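**Student:** Chains A, B, C and D are the protein sequences, given in the same order.
Counting along the first sequence from 1, when you hit position 159 you're at 161 in my numbering, and nothing is skipped either side.
Counting along the second sequence from 1, when you hit position 235 you're at 497 in my numbering, and nothing is skipped either side.
Counting along the third sequence from 1, when you hit position 89 you're at 131 in my numbering, and nothing is skipped either side.
Counting along the fourth sequence from 1, when you hit position 120 you're at 408 in my numbering, and nothing is skipped either side.
Don't read these hints as lab results, they were simulated from the structure.
Being a predicted model, the structure only gives us computed values, none of them experimental.
Be careful, since some hints might not be right.
With the Cβ distance kept under 10 Å, some of the chain B side facing chain D (calculated, not the full set) [stated by the list, open to error]:
| id | residue |
| --- | --- |
| 1 | 313 |
| 2 | 314 |
| 3 | 355 |
| 4 | 375 |
| 5 | 390 |
| 6 | 392 |
| 7 | 526 |
| 8 | 541 |
Between beta-carbon pairs, the in silico distance windows are [said to hold, decoys possible]:
| id | chain 1 | residue 1 | chain 2 | residue 2 | range |
| --- | --- | --- | --- | --- | --- |
| 9 | D | 510 | C | 47 | 56 to 64 Å |
| 10 | B | 351 | A | 177 | 22 to 30 Å |
| 11 | D | 603 | B | 425 | 43 to 51 Å |
| 12 | B | 336 | D | 506 | 44 to 52 Å |
| 13 | D | 615 | C | 83 | 46 to 54 Å |
| 14 | C | 161 | D | 506 | 43 to 51 Å |
| 15 | D | 615 | A | 286 | 58 to 66 Å |
Backbone N, C-alpha and C define an ideal beta-carbon position, used for all residues, glycine too.
Listed here are the chains, written in short residue letters.
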Amino acid sequence: MKKILAILLALAMVFALAACGDASAEKKSDKVVAYVLAEKGDTYSLGLANNFKTAFEALGGEVIMETFPANTTNFSDYVQKAMDNSAAVMFAPNSTTVASNLIKNAQDLGVEFPLMAGDTWESSVILDAAKGCDFDVYCSTFFDENDESGTAKEFVTGFKAWLNANSDKKDMNGGNDIVAAVSALGFDAYNVAMVAIRAAAETAGSAMTSIDVAKAICTAKLENAVTGVIQFNETGDAIKDSAYIKKAADGAFQFVKVQKTANSDSPMSTAKEYAEAGIALDTANKKIVIGVYEPTSGANGAGGKQEVLGVEYANSLDHVVTIDGVDYEVVLYVSDNGSLEENAVTAASAIVNQGALVALGSYGSGVSIAAADTFSAAGMPAIGISCTNTAVTEGHDYYFRTCFLDPFQGGVMASFAWETVAK
Amino acid sequence: MNIMPYVIRGLATGGQFALVAIGYTMVYGILKLINFAHGDMFMVSGIMLIYMAGSTGAMPIFASIIIMVILTVILGYLIEKCAYAPLRTAPRMSSMISAIGVSYLLQNLVSYITGGLSKQYPEIPGLSTSVRFLGVKDKLSVFVSPVVAIVLMVVLVLVINHTKFGMSMRAVSKDFETSQLMGIKINRVISITFAIGAFLAAVGSLLYFSKNTGINHLAGSTPGIKAFIAAVVGGIGSIPGAVVGALIIGLVESLAKAFGLADFSDVISFALLIIILVFKPTGIFGEKVIDKV
Amino acid sequence: MEDKRSVLRVENVTMQFGGVVAVDNLSMEVFEHEIVALIGPNGAGKTTAFNAITGVYEPTNGAIYFNDNLVIENHPQGKMKKNYAGRNMGKYEKIIVKTPDQLTRLGMARTFQNIRLWKTMTVFENVLTAKHLRRTSNYFTAMFHLNAREEEKMRQDTLDLLKLVELDDVKDELATSLPYGKQRKLEIARALATNPSLLLLDEPAAGMNPQETVELAQFIHDVREKFNITILLIEHHMNLVMDISDRIYVIDFGKEIAEGTPAEIQSNQKVIDAYLGVSEDE
Amino acid sequence: MKILTKKSMCNLALVIVLLIVLVCIELFAPATSMWFSVLRKVFTFSLAAVSMNLLNGFTGLFSLGQAGFMLLGAYTYAVLTIPTDLRHTVFRNYGDSIFNFQLPLVIALICAGIVAAFFAYLIGLPVLRLKSDYLAIATLGFAEIARGLVQLQQFGPVTNGPDPINNFTAPKNILVYAAIAGVCILIIIMLIDSTYGRAFKAIRDDEIAAEAMGINLAHHKRLSFVTSSFFCGIAGAMLAMCNTSVSSVSFTSSMTYQILLVVVIGGIGSVSGSLIAAFIYYASSEWWLKFLDLETFTAAGTKIPLLGPGFRMVVFSVLIMIIVLFFRSGIMGTREIDVYGFFCKLAGKGKAKKAQEGGAN
């Protein structure tokens, strides 16, 4: 018993020490402070966080950056650290699982500064968590539901109707017909692939292989894409110069502004050289398989399913290609990588096994990078839909991407944060 | 730098882990078995409440809390009966593998049911309201957790030291065979120990998840391991040790974050575990055990 | 007696657990080629003394010499310094601790009261594994089987040893499937496989019927002759002890009360009182 | 010692047959067949399972640190085999890697093993004295610490921090994997048959008796722990080759539990058991039972109940429980494959009966 008393006495002492700690001693830095919180070991999160840090400091701000171990559910201490350093904004580019707890903890602690993140926060999970918060929650994304311009409007109404028509599709979307940005990106990626396949059919006819498709993608151009014109630069990334900024306000994402930054890349003029033989066209049963390499289970399952929906909707609108006068049915093969890098090679090999000419995906940079070599070995081009880490396309000639990159997204959010808090 | 908020939240996590740690210590004291599945039972009770009273369920909150506690106790009882009782005479490694198996089963089952997505814990009328105390604004459950943990500890210590059943528990933990000879119904004592452990885990999950409301199938693994480290730090087998160990772990982690060691917070608790295991394996409250030739 | 070489000398060994003095200032000596028995009523401290000699416990005070060189020495430290009840307080300064395997390497092999054979191994493998101590190959030559000659020699020595102890007929049986008497013989054979110069037997006849005890006595006698070895045993069975021991030490309540040949011990009044209980007025 | 007894000759024949099958798969199987990715994983995890078995099954030390040692092996191998020109692109967030040379495959593999063994030696000093369940938790803690430290951005130039490492030499030919795994497992088998192997088994059966027979426990436990970790490091390097990219995220404790499951299914204390179980477990989980995860519809469009994402893992967890509760000895228990004995039993059914009568009178 006397040991218990001794320990409880010690705890009381710690309490007393804490109480007398003077609350006023926070260091008042003259600069605008941003608190950045990223998940240890998560490529996407740290990539975005580092880019935000460099961009924000370039604009004259000060950044405090910390990481938390995977599977953390209590973020109060991190939010408290941000408050102690009188941060004006918190940038936390993490998964929706993390975000739901982080936002609730920030609400508990009575935070006033806005919370910002990248494209992963553009989901219904964030809308639920942000309900009734008295601080703003912003995220950058590729697409906005109520963007009035041309094809976006048409896509939104069509996609909503399609979701409401098929109940299982609606369940996959999280039980509502809110159009997620990744669905729009999936839709565009499928259409870019179709443009490339048709271009390859022009040049090589029924003797075309996945290599011809890859070459066609290099110089492909999609004018009226939902997320803006899509053309690829030297490394295979879509040339993007703007991102949509949205705010989560009582149950829906409100369009805030289009944040523009300069992008000097020029589109690829000549196709790359490819050594592999590639996969031949399935002339026997007149079928073109497009692989859909996505997480439909695991931590990123929700985002992955929404991406698959975009591709499936696009497939429902346009699924026949005539090559040398013969109609080929375009079929999708969905392979689940379970959001785990160790499944990447097996899931990618399953697509290669199906003889697909092109693969679309994946949600999550880690699994995309892990599958890059499998696709290139089979000579199969792949189009990243929402993986924003630079490593996906760098050094992988077969990997292209229709979304913007971390450095771009980090920079855009840094300039947006600077404009909203520093003025 | 005002460390009061970190201290309070450290004690809060400590209190929540303590209730799980007591379960570990009691089971280890009796069966000399690390109940790997204990952390996952904690998570399952959280998920159960979601399916009863959360967005997907529609039952009134109080009724579902009571049912959740009962179901968790039944789950604890079933785990003991199905996974550990048949292996009582088996070599130690088999029961340990069975414990890992149960933990794996619970995690994968919940992942299959929830599809791996994290679900929101329902509002608990009392605990989820946020309140300001000692200059720190947070949910009521944060301030209540350490108190509940210490109160339950005192109750349990009294039960163990002053009731007939408590004596039989102590006897069984000291020597398995002889207590059987003395007519103590071993299986009953073990089942009740698991039931108490499950009850405490249910209370702990109520406090823990009302604060950290996003739960997925892995939500039980970190608290489970931290609670076990607490049980070892406090001295495995001693209930006050488990509570004190948990409070210490909670404090150490929060203060580490306060002083900018956030990157290392997970590494610190495991390093603490290895240091304690090596230099004082019996922990703060444990007693030395000499195994004779 | 003096011209014989001293194999084991125990000097003022005391074992004190907290307040309980299990072994009190025990001194004894075993000379070459002798069979010495250490007997005493239940709880006299025989097993504790035995475990102190074989390195399982560290003695609280005193020293142990093997072939006249110091192997174990200790003196009361820490809390024990205050409440140390025994004599020879300041006599020993050094602290030399030997683990059981170091003592076995020096040549002191032991057996256990409740037989501890390796249960997944056959009779042959049990003895062969004990040969591991006397290996000359290092980890890597053994791993890549470059020590084929040594391995062959080990197996041959094991076969010879098993023949000597007449266990070669059951050499491929599982050790634990043998009858009790044979298991005891196997355990002794396994100890002999480490080429010891002193064999320490911990109540070898425990749990044996009279017939097996007689056979065991003969066996221990043969072992001493064939292997030219010194034996120290602790035992309850009086007929076994009286039959084979050259000298006997008797201890009661941790203290040595008598020493001598079996004949002297049988007529020693103190020993009889210790065993049969003494009237209070003594 | 006569190596070529009848028994080992038959076992050798079996190995040769398997090798021939492997060569056929490598040459003739279609490039896209699932055999390749599955077999690569099977060889990797059979080496990991056998090295865990050496520790848990043959020395009785229950350690859960395998994921940590595989992590160290995988990172060492990957970092040392990146071609110097690609080095900058891989380490772009952290300036440049501190190693600017590329090692040939075999040397890098051995370095992977050595690094894992070195850390095993360090952690072994304090931890090997602990009782079995404490040792399990301490080694589990070590694996988590290793993962936590490798991810740190401060270690960027060495381990590339959280970013995955790729573009290192990752052979595709399954015979390379078969060779590496084969050589390592052969060494482990020879070790188990050697005098040190017997000392390990003595420690497993009865530690106190082993010490009394002159076996220095601390020394031999450390040898077994370091050797097992050495081969775990090599298995980690092989895993890096399989996945063509290495990131600390995948080396979680559930990987250790998977290896433990393979050891338990095969039989604790049986090398051939671990090999068989590794093949069955990884072939089914990566390929044959993959359909459990897919929501398949019967021809009539009705959804087959239960099938859905995550169902496969539920089936595996139930499998663990069934095996550990009812088939405690696993497929092979502690027996090894004995092709010769198997044929004797088959051929000698009649002969054995006659021999019995002969022996009886």
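**Student:** Which of the numbered hints are not met once you compare them with the structure shown?
**Tutor:** Hint check: 1, 2, 5, 6, 9, 10, 14 and 15 fail, others pass.
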